[in-house]
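Student: Each chain is listed here by its residues.
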Amino acid sequence: MAEGVVVTGMGIVSSIGFNVDETLHSLMIGKTGIGKISILETIHRDEFVLGEIKLTHQQLMEKLGVNLNLPWTRTALLGVWAARQAYQSAGLSKNSGKRIGLVSASTVGGMDRSELYYKDFLTDAIHKNHIDTHHAGNSTEMIADDLNIHDYLTTISTACSSSLNSIMFGARLLRHNLLDAVIVGGTDALSRFTLNGFNTLMILDHEHCRPFDATRRGLNLGEGAGYLVLERTSDALAGKKQVIAQVAGYANANDAFHQTASSDNGEGPFLAMQRAVAKAGITPQDIDYINVHGTGTDNNDLTEGVAMKRLFGDKVPPFSSTKAFTGHTLGATGVIESIISILSMNNDKVFPNINFKEVIEEINLVPVSQLTNLHINHVLTNSFGFGGNDSSVVFSKVPSNISGL
Amino acid sequence: MMLAPTYIDGSGAVVPQPTVNQDRFLEEILEYNERFLQVVSPVYKDYIDVKLLRRMSKIVKMSIVSARVAMQQAGVDQVDAIMTGTGMGCQIDTEKFLNAMIENGENLLTPTSFIHSTHNTMGGQIALMLGNKNHNLTYVHRTFSFESALLDAMMMIAEKEAQKVLVGGIDEITDESWLIKTQIDYYKKHACKNSEVYNNLQPGALSGEGSAFFVLSADRSEKTYAQLKGVSTLYKPRSNKELEDFIKRFLVTNEFGLSDIDLVIMGNNGDPVFDRVYEDLANGLLKTIPTGRFKHLCGEYDTASSFALWIASGILRHQHVPSTISQHPFKGRTPKNILIYNHFRNINHSLILVSTPDVS
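Chains A and B are the protein sequences, given in the same order. Per the numbering used here, the very first residue in the first sequence carries number 1; after that it's consecutive. Per the numbering used here, the very first residue in the second sequence carries number 406; after that it's consecutive.
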């Protein structure tokens, strides 16, 4: 583990929980966060279900106790919520002398406010303090300011694979000794922009999504944020830190097939998984569980299944999609599912692919659909997105003699 | 810490000045008297299949042309990674979808503009064009976007995960995005002569757009004409001293002294308030070093530092400082080491250091 990078803190908020413990509880009891729309103002309220966090903008600001005079977007508020938890759980502090950075991902940025105020921006600009909250880096700066982070920050946007790429870039910054600790992850709030966008693509299911099921009709959108604190293994051990997991391998590949659809042979997903496993220095057979991207769209699940069969042959490891719990949280999905994967590994449990009933004939792969005990040393998680961007990360269990837990 | 040697083998830019297929290197300035500057359109069909061209937005077209020019210059037809930086991404498509959604009350929408509204569209389209299945990332943090892409490329090269990396910075301007940012004095409200922008007293910057791509290489070859020494960013310095310390530390880290720097290219953009940060440095810490400016050529945009790198590496290639970038005829020694310093409203500061290739 000499040159390695480990996870020393985690924070999460999504429709299934306001923190790591609540998230774990929901996963254990099979409680989905997807339901009728009650927060997002949209004409599609009765048409679709979403994984909403059931607090209004105002309630979120009050719960977090943030400065109400600042122009907060929902994306930034969710990000602050999860990043504070990660920061605290890793025991970071501003006077530690450590160089602390933040690498965050977002796809919609401040769109949740822009779509409300856009016409006003163009005319008399009553809401002009929100003009500069539109860009994708705004939430990153709001989080950095909340946590007093100055040493490095940047923002990544590769559609639905965004926050797995934050993990990769953050790990690289540590390996090059440019930082001592880095908070990596992403945040995305629900917006009418994305709901309507995915609706025009006709890939939203009106019912609860059914990943890897033959009758799947599309995805359910969700919202949330998640962050991991990464540190070099040697620093974490020297500092007697709790070590939650090892970031063992990662890879990013491009499908180079189509702007939104994925290729029939799953080339991009295949390459991302293959390279991530190779980078971890293990073989595909060493992967004990895969938290798949599994959006519930016709195209994704088929392609991902094809890619898994290419890599694992007839020995595809136990796998499940947890998107029927959280919904597809876009730029946050990679890190949210990384946290779920780590919870799986550290609790030796596979969380179920709920709503699965009927196997997809073309691939004949059956996801784990009940909560299952399984000894997990290595977990693989996938995120794929528009633009052909495909990413995979492997997390490995920390040997018990050094976990510090 | 220093990263492994990273060489520049090719570059291409599409900006509001003629830069594509030019024998001359910024010898004359294209004068404008406009609210904002727009790119000089290259002959797109020379670079992009006409059938594809019709469906492409401006930002994708300018990315592809500058990427192709950079790759042609470097003599490569594939790369090991594609890294793009864009502050605002695909503004035309985002506005199209947003306006349609608001005006039609979430009805009668079509997917085309939504599909192309994601920030990684340019990186994805370049990968598609090249059939490139390698590492592909898009950074979207205002004036840190291009710098993050450069840093990631340098780290990948240092880790030997890539030999050749295509890196670019791209942003597009639209009427609406310009208008919105005039409301908060980020951009000038009225037309302004670009040649006189630094003396213009209207609040805000003269806005613009552009794209610049580079082929970075782990190995020096006969194509190599510059060496990327380092890149660094600073967020919200709490004092002028912190900014000066940042610059000094950056040079020390890269084993340079101030006296080694032959030229500093500064990001002045005509904003009377925030240009003071540049002036203070030019009259203070950097006063012994000749300075150049470039945003009268391209206007202000989040990834304008990519055009500054295009200029700096061009100077090293041509062994000549064009008079269009310096206030006074350049009298210094022929530059070997050029520092680029840029900031956004004293929030996001960045440095890029580029040199003639080390003799190896």
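Keep in mind that the hints are not guaranteed to be accurate.
[Stated by the list, open to error] Taking lysine to any residue and the SDA-like style, the derived pairs with C-alpha atoms no more than 20 Å apart in a straight line are: (1) A:K279 to B:E564; (2) A:K119 to B:E564; (3) B:K501 to A:R275; (4) B:K501 to B:L513; (5) A:K98 to B:K565; (6) B:K646 to A:K279; (7) B:K565 to A:R275; (8) B:K594 to A:A125.
Treat the hints as calculated values from the structure; they're not laboratory data. Bear in mind that the values here come from a model prediction, so they are computed numbers and not experimental data.
Student: Indicate, hint by hint, whether the structure satisfies it.
Tutor: Comparing the hints with the structure gives:
1. This hinted pair checks out: K279 (chain A) and E564 (chain B) have alpha carbons roughly 12 Å apart, not beyond 20 Å.
2. Taken as a hint, the K119 (chain A) and E564 (chain B) pair is broken in the structure, with Cα atoms around 47 Å apart against an allowance of 20 Å.
3. Proposed proximity of K501 (chain B) and R275 (chain A) is contradicted: the alpha carbons are some 38 Å apart, above 20 Å.
4. A hinted pair counts as satisfied when its Cα atoms are at most 20 Å apart, and K501 (chain B) with L513 (chain B) qualifies at roughly 13 Å.
5. Between K98 (chain A) and K565 (chain B) the CA atoms are separated by roughly 27 Å; this puts the pair beyond 20 Å, and the hint is violated.
6. Of the pairs offered as hints, the one joining K646 (chain B) and K279 (chain A) is violated, with about 42 Å between alpha carbons and a cut-off of 20 Å exceeded.
7. Between K565 (chain B) and R275 (chain A) the alpha-carbon distance is near 15 Å, which keeps this suggested pair within the 20 Å criterion.
8. Under the criterion of a C-alpha separation no larger than 20 Å, the hint pairing K594 (chain B) with A125 (chain A) is consistent with the structure, at around 14 Å.
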